[in-house]
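With these hints in hand, go ahead and build the complete structure from the sequences.
Protein chains in written order, with the numbering used here: chain A, 951 to 1232; chain B, 951 to 1232.
For the record, the hints were derived by calculation from the structure and aren't laboratory data. This one's a predicted model, so the numbers in the text were calculated from it and none came from an experiment. The reader is advised that the hints may include incorrect statements.
One copy or any two copies: either way a pair holds, since identical chains are not told apart in the list.
Okay, derived cross-link-like pairs now, DSBU-like style, lysine-lysine, Cα gap no bigger than 35 Å in a straight line [stated by the list, open to error]:
{"no.": "1", "residue 1": "K982", "residue 2": "K1183"}
{"no.": "2", "residue 1": "K1035", "residue 2": "K1143"}
{"no.": "3", "residue 1": "K1183", "residue 2": "K1103"}
{"no.": "4", "residue 1": "K1103", "residue 2": "K1035"}
{"no.": "5", "residue 1": "K982", "residue 2": "K1103"}
{"no.": "6", "residue 1": "K1035", "residue 2": "K1149"}
{"no.": "7", "residue 1": "K1035", "residue 2": "K1183"}
There are 2 protein chains.
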Amino acid sequence: MEDVLRQLLPPAEVAPQRLHEAMRYAVLGGGKRVRPLLAFAAGELCEADPQRVEIVAAGVELIHAYSLVHDDLPCMDDDSLRRGKPSCHVEYDEATALLAGDSLQSLAFQLLTQHRLTEQAEAQLEMVRLLAIASGSRGMAGGQAIDLASVGKALSMPELEFMHIHKTGALIRASVLLGAACGRALDQAGLGKLDHFAKCVGLAFQVVDDVLDAESSTSTLGKTAGKDASRDKPTYVSLLGVAQARALVGELSADALEALGGFGDRAERLRELAGFIVSRQF
Amino acid sequence: MEDVLRQLLPPAEVAPQRLHEAMRYAVLGGGKRVRPLLAFAAGELCEADPQRVEIVAAGVELIHAYSLVHDDLPCMDDDSLRRGKPSCHVEYDEATALLAGDSLQSLAFQLLTQHRLTEQAEAQLEMVRLLAIASGSRGMAGGQAIDLASVGKALSMPELEFMHIHKTGALIRASVLLGAACGRALDQAGLGKLDHFAKCVGLAFQVVDDVLDAESSTSTLGKTAGKDASRDKPTYVSLLGVAQARALVGELSADALEALGGFGDRAERLRELAGFIVSRQF
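Given below as structure tokens:
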């Protein structure tokens, strides 16, 4: 995946150099690559050609990377540390970080349209649309907006869930569905199961994030720890406490695995990833 | 076009409301709509279904609107006035403006993939790719980056042209080519002529912009006038003086019209628009 991203990003020597350097800085050399891994695992479920899955995996990771760059800007979370390194706007400058994020979003859509991903071009248009919706105001960016509006407020559990289904869940779901879409089509029931798996895993990922933010050190996370509490952000930990938040992770994980029940061995990689996501320490 | 945009944007009543309001604020109620007009005129050249052209016209206008929102942010041009109204980040806040811009970009790609624009889905993927390239680091956003880097520097004419071919030219070119792509395919020579027309008009548009910034009042422009000189930005006026810049507009306009020579009456709307662009006062 690292090689794929390195090759798909514009070379740092090509003008505008500083912008391209900042784009590469924001994407390369760090990150768990959870979304690409999910795309590959879902691709395996549908016997997809890995060279096709590479492109959608890169696309979702570029969208994710752009969102982190914009998130870290002073007008948003104002965070100077990301993946153990200075945030993009600290290493470069705010304007360059803003444009690097903007350009990473464009590049994701460029990649998904310039490589062949399915037998039917029609189906590929549908894939691009899925990524656009997952990224936009009714997906990830919308979740960010709800997140910002929630600082200092008491949210109910359904409100917190609504926020995270958008903020983190939408792109994780897109990773799984797009990886699968590169391969043999699932029937409606199978697609529903996979979608349910993706939703459970996406939510579990966020609950774990909240627990780690509350319990880990900045050096382990590679980003500023304890940020939620210091900014008075509602989280699963602030609403439920650590013990109940952990219990929720267990429930979501069981629910995710159950959804994969009918798929047999082809879903083994997805099961492994669900295990990684709920037990990760960073 | 105003009705089309109003209908295609997410309703302000749908959550997240404030984000959707900001998106609508940034797009509706103002703007010359030069890019949509060019798309419609190019569509007419190729006898395209206007309902298809509407979608690409909206797509390029959303990309344009997002770029203005991000441009006006304090870390970029820091401008508080746009289209005679407070800039998006002044009317809302910086974080909301950032996310509104991000979401407008996603929405453009959503629109271009959820409506049928051509007979062949294959060709439509190519259209989406064209818009992605025109928007990204080797198009509009890249031009912005070069623009930022050029403040306070002496550019040569080729360097200034390179900047504007990206910053303004790429999306104007995309407007023309995408409008045409909704209709009957032009042959290679015809496409080359249309492309040349678009490039000339795009550059002329920018030279006129520079002249207007130097010579008009803020109230006429609806955005802060005299900004280039006050920020020590290289422009066609700073390089050539007003008289020579005007002469250049005349040359580019003649060149643009010549490129349309072989098209006959079908290109009448494109000719009118070229005339509007070079003689506009705002």
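So, going through the hints one by one against the coordinates:
no.: 1; hint: K982 to K1183; verdict: within (24 Å within a copy, 42 Å between copies)
no.: 2; hint: K1035 to K1143; verdict: neither (38 Å within a copy, 49 Å between copies)
no.: 3; hint: K1183 to K1103; verdict: within (7 Å within a copy, 44 Å between copies)
no.: 4; hint: K1103 to K1035; verdict: both (31 Å within a copy, 31 Å between copies)
no.: 5; hint: K982 to K1103; verdict: within (31 Å within a copy, 41 Å between copies)
no.: 6; hint: K1035 to K1149; verdict: within (30 Å within a copy, 41 Å between copies)
no.: 7; hint: K1035 to K1183; verdict: both (24 Å within a copy, 33 Å between copies)
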